[in-house]
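Using the hints, position chain B against chain A.
Line by line, the protein sequences are chains A and B. Here UniProt numbering is used: the first residue of the first sequence is 1, the next is one more, and so on. Here UniProt numbering is used: the first residue of the second sequence is 1, the next is one more, and so on.
If you're looking for bench data, these hints aren't it; they were derived computationally from the structure. Careful, some of the hints might be misleading.
Below, a sample of chain A positions facing chain B; criterion: calculated Cβ distance under 10 Å [to be verified]:
1) LYS38
2) GLU46
3) ALA113
4) GLU313
Cβ pair distances, simulated, as ranges [claimed, not checked]:
5) B:TRP348 - A:GLU58: 36 to 44 Å
6) A:LYS337 - B:LYS483: 44 to 52 Å
7) B:GLY105 - A:ASP430: 42 to 50 Å
8) A:ARG159 - B:SER73: 21 to 29 Å
9) A:LYS333 - B:THR59: 17 to 25 Å
10) B:TRP348 - A:THR402: 38 to 46 Å
Even glycine gets a Cβ: it sits at the ideal position worked out from N, Cα and C.
Protein chains: 2
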Amino acid sequence: MSKNLTKRSEDYSKWYNELVVKADLAENSGVRGCMVIKPYGYAIWEKMQAELDRMFKETGHQNAYFPLFVPKSMFEAEEKNAEGFAKECAIVTHYRLTNDPENKGKLIVDPNAKLEEELIVRPTSEAIIWSTYKGWVQSYRDLPLLINQWANVVRWEMRTRLFLRTAEFLWQEGHTAHATKQEALSESVQMMNVYADFVENFMAIPVVKGIKTETERFAGADETYCIEALMQDGKALQAGTSHFLGQNFAKAFDVKFSNAEGKLEHVWGTSWGVSTRLMGALVMTHSDDNGLVLPPNLAPIQVVIVPIHRNDEQLEAISAQVNELVKQLRKLKIAVKYDDRTTHKPGWKFNEYELKGVPVRIAIGPNDLENGTYEIARRDTLTKEVVAKDGVVTYIQDLLETIQEEMFTRSLEFRNEHITEVNTFEEFKDVLENKTGFVSAHWDGTVETEEKIKELTKATIRCIPLDRKEEEGQCVLTGSLSKGRVLFAKAY
Amino acid sequence: MSKNLTKRSEDYSKWYNELVVKADLAENSGVRGCMVIKPYGYAIWEKMQAELDRMFKETGHQNAYFPLFVPKSMFEAEEKNAEGFAKECAIVTHYRLTNDPENKGKLIVDPNAKLEEELIVRPTSEAIIWSTYKGWVQSYRDLPLLINQWANVVRWEMRTRLFLRTAEFLWQEGHTAHATKQEALSESVQMMNVYADFVENFMAIPVVKGIKTETERFAGADETYCIEALMQDGKALQAGTSHFLGQNFAKAFDVKFSNAEGKLEHVWGTSWGVSTRLMGALVMTHSDDNGLVLPPNLAPIQVVIVPIHRNDEQLEAISAQVNELVKQLRKLKIAVKYDDRTTHKPGWKFNEYELKGVPVRIAIGPNDLENGTYEIARRDTLTKEVVAKDGVVTYIQDLLETIQEEMFTRSLEFRNEHITEVNTFEEFKDVLENKTGFVSAHWDGTVETEEKIKELTKATIRCIPLDRKEEEGQCVLTGSLSKGRVLFAKAY
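Excised from the complex, chain A in its bound form:
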């Protein structure tokens, strides 16, 4: 079966780029570094959004919307955050085009329409949101503020890749404000757990929960909690982060509240986000050389039915039966498509839905009709089974659940096989180069060692796992004292 898709073993990176385009998820646009998310890709993103949105609301959050632009003076108010994003932000300086006097029909930036203050296109919204919160918080009764925003953000990345790193991307960003440090800390941890729950149970991608080292921490945060996933090529991918902001933004934007005793205090903050990057994680965790493999929870089409027929009469007989099945499946909220187009052959359709990752494919021909059977194929395992018509609805319903579970289990096994404990730097390098994956190693806790290891191996500390054992040891590079293992990996 030829989809002209590069094999993963040949060139993983090329396979990914080709698949994202061929499966109609996204493509590069005529704007440097910006992508077009195509309808099929966007339908998957919508499913992610709906589920996350439900989870945010269940944990008490509300949505709101804040401006796209951040005036420069506001942007630089929290110094670390400003420094962290200054190198990659798009800046609006003018507000009008005018006719080019030297080139009829062309437009130039009107030099008379320069903004008094430049506007930064938000790379993240802490600045604009905390400048707003100042007006919303007076008393402890106004707290907590539990707000989320679905938005586009822009980071002027030099090397971009569809979904993984684009100049503009879509995300959600939660921004909360609390009366106490403990409450803000709990919120950051809660949202990391919400993300882990979503990514594991909805996307079928196992993650390690942990905290970032100072080097990898969000600019402006006191602590960054994260979930780290492992891709099929052994590289890690940060799937979501939740930041404990301390009082940094409250101080920068002068957000104070009077506590129950009437004393003024600075507010405590968190922020947390996941983005369209998760689409990349989805592709690179589950898909294979034949195309996408989607977990049923995220599949825009969960079941496709393809009739196999030689003439109109056969098609009619098949359709009569299939239409009934479609009705029953839809009643169960299963997203089913009956592809009875006569413009395409069954083989073409099989190929197409395999490429698109539809979890379950049902074929039915005249023999099946006679025997009272369906041929049911699983996309994830590429296995087929002939199933009796009676009870097929329950069979499909169960199968979708099984696929969702088994996709997670397989990814989890792969991930667990790719966490390797090492105790020497030779082993460390060997695992990174040959076996790949996460390397669990002792580290002396210094920025210098972290940077040296990155320089020597390109591996970074993905996280300090929350569930790591209490175990003293010697740093894999320096031999100095370490209080526990951290996870290193090459990362997207």
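Structure of chain B alone, referenced to chain A:
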């Protein structure tokens, strides 16, 4: 009851501005012309989005996402469109900030990070989308493309007002491509009808369907269909537009397809949009001097229940009964809130939910408990009724439907009373100044007359109603021949 809200009769404009802020819908931000949509306002917008999205999908459209930025050369490709938006667009010229050498801790735009080509922040997405469609369309089999996008857009307006006119606003923009002129025309009309259906039946706002004159047409369209609503102060508001683009963008971006006979043709296009402006229409159609009045379909809280009690014991007894009612209402998908906070008095709560436009308010005190009754108040009519506990669920369910219908009927009556046929220019001016509303008058069909009337009266032609009578007459200004009446009004 004092909400410190200016009365509509005193200053309608001030009333509007105050209400939007006090009812927690939106507020001005620290960014010139950009608003913050607050959680309560955003919850209403989410309800609009969900319903529109459902309607778009039911009519065969899919969502996708296109870049925020449009390179200048792409922007100017369709000349009329470029000209129409050039005067009010935000332009990105640089991509990096750097430390200000003269001012420690401050940032300046890095002069070494100038973009080769300036990027326009999309004021609308025809250019970027048609440049993409070029790659998507080869054959008639690729058509139609029926795509919608939920996005933010930026138009650098000089005078802004919350929801009605803001530099950044949220909207959806549909962009479709078709093989024939007829199909594209039908699509434009269909989407105007979808908008009318939504605005009338969901928002309870009556609209006039019509087409725009050449002057008022979308830049780059061959025809603009619109729905026009009338606000309480007698000014019109354009609530949605649907454009037949002819082959203008297909020609500008060279989008061709080979038809069934293998001949190359340019594609036919449409685009259509509604925006957060509808929030302004909602406020100005229904609300009163006490605050918001929300139609049940759009109310984040449809029913609020307030206990009236003197002690904990009474509250407990009330809560026991109310919790059961809440359960039953939620089963029917009615959004109900039981506000049993003891930090606020019932009077404060009544005031608050009146301001927020909650359609139904239920009060229950010890007497009601004894008598087996509830006191049920309607927000729209400010009337109250004592209702027996038995059957109250059905009563509420019916009441919500009644409110939705009656809000529409009342607005329709008001609107119909404010469409006045005039035959002389004296009458024309008199109606505009005193009675206000739409003026139905003959017009000679020339741009000159349209402009002259605008200059003399500030009224513009809102639309040529689709259902206007075939009726010859004399232009209200020039006396020249007219083929039918058009609707003039002062407008937002």
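Here's how the hints hold up against the structure:
About 6 Å separates the beta-carbon of LYS38 (chain A) from the nearest beta-carbon of chain B, less than 10 Å, and the hint is met. The restraint placing GLU46 (chain A) at the interface with chain B holds, with a minimum CB-CB distance near 7 Å, inside the 10 Å limit. Against a cut-off of 10 Å between C-beta atoms, the interface hint on ALA113 (chain A) holds, since the closest Cβ of chain B lies about 8 Å away. The interface hint given for GLU313 (chain A) is violated, since its Cβ lies 26 Å from the closest Cβ of chain B, which is over the 10 Å cut-off.
The hinted window of 36 to 44 Å between TRP348 (chain B) and GLU58 (chain A) is violated, with their beta carbons roughly 29 Å apart. At roughly 49 Å, the beta-carbon separation of LYS337 (chain A) and LYS483 (chain B) lies within the given 44 to 52 Å, and the hint holds. At about 46 Å, the CB distance of GLY105 (chain B) to ASP430 (chain A) agrees with the hint of 42 to 50 Å. Range check, ARG159 (chain A) to SER73 (chain B): about 24 Å between beta-carbon atoms, so the 21 to 29 Å window is met.
Take LYS333 (chain A) and THR59 (chain B): their Cβ atoms lie about 21 Å apart, and the range 17 to 25 Å holds. Checking the proposed 38 to 46 Å range against TRP348 (chain B) and THR402 (chain A) shows it is violated: the Cβ atoms sit about 55 Å from each other.
The structure fails hints 4, 5 and 10 (numbered hints given earlier, in ascending order).
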